[in-house]
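Engineer: Chain by chain, the residues:
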Amino acid sequence: MINGDIKKSLDLTGMQVHRQHAIRTGYTGEDGFEVLVGVEHAEATFNAILAAGRPEGLVPCGLACRDTLRLEAGMPLYGHELGEDITPYEAGLGKVVRLTGRGFVGEDALTKLAEHPKRQLVGLKGEGKRAARAEYPVLAPERGEELGKITSGALSPTLGYPVAMALILAGKKQVGDAVIVDVRGSQLPFEIVPLPFYKKER
Amino acid sequence: MANPAGLHYTKEHEWLKVDGDVATIGITAYAADKLGDVVFVDLPKVGARTTYMKICGEIESTKSVGELYSPVDGEVVEINGAVVGSPELVNQDAFGGGWLIKVRFDALPADLLSAAEYDALTGE
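Residue numbers (numbering that gives the first Met the number 0), protein chains in the order written: chain R, 0 to 201; chain X, 0 to 123.
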């Protein structure tokens, strides 16, 4: 499939485009390209890609589609799973920080925080069709104690059930445990599951 | 996705079918299409008071959560149980089987739209 994609991208070189870049930094967990062209060529490029892909079923999509793919792939997004008040260890990204003692801004602070993260990022799987969306409270089923909040959530079109990521108090719950999410007044059951929710077969 | 001529419409994309002093209320096919696949509806209870342009329910789709605004002051006399069990009716038959509530209204507001005015609002 991906070879076909490359061929179609190269077809764009026939266009009268002064300068263009095709890059693979897309944040969806899927194979694909981001194409950068000058503003004046954007519409023609977009239409050319649509026309080239139409015979194979290509349709345009918007941010909600891309964000759902990102979530299904368990990829953290700034402002949701990442932020100035979330440490790499809470976000499950400790392995990308090298604490070598060689010194970088924030190394001392991070070294202390690496030991005992206050919160942990978990994946949640729900029942039915109602999504747990960002900011909804996550509660312990036993006594209704608030464990944390949803960071991203949607009904997964690929899997057919609601999925969400949540930052919850560390050490309280693990994969397989049940939690409750307060979905605008309804207490709905969710299960902690491993991330990512979905991995595309290569 | 024609908007039926015999109905009243609101800027919040509801339709009303008036029969005596009872209005059957739903959301338009245009609104249902914009919301995407509806997966949950939360309706007021029978007997509840509704207030003009106050939220009286909720319509959740795969994409987002929309609020249902009451187009009239009145009292809920019936809710559509079928749509609670099968929210997809809102998408499949917005102007028919996808109706939401029936309200005995005090008076119809002056700012309801005709089908032609609603067509113009939604660019149909």
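Read the hints as simulated data drawn from the structure, not as lab findings.
Please note: incorrect hints may appear among the correct ones.
Facing chain X, from chain R, some residues (calculated, C-beta under 7 Å) [to be verified]: (1) Lys128; (2) Arg129; (3) Ala133; (4) Leu154.
What you are looking at is a predicted structure, and each value in this text was computed from that prediction instead of being measured.
Think of the CB as a built atom: it goes at the ideal place given N, C-alpha and C, for glycine as much as any other residue.
Engineer: Against chain X, is R/Leu154 within 7 Å by beta-carbon distance?
Structural biologist: 5 Å, holds
Engineer: Restraint: R/Lys128 near chain X, CB-CB cut 7 Å. Satisfied or not?
Structural biologist: It holds, given that the least Cβ distance between R/Lys128 and chain X is near 4 Å, below 7 Å.
Engineer: Report holds or violated for the interface hint on R/Ala133, using the least CB-CB distance to chain X and a cut-off of 7 Å.
Structural biologist: Nearest chain X Cβ about 12 Å off; hint violated.
Engineer: Would you settle whether the hint for R/Arg129 is holds or violated, based on the nearest Cβ-Cβ distance to chain X being less than 7 Å?
Structural biologist: 5 Å, holds
Hint 3 alone, counting from the list given before, is not met by this structure.
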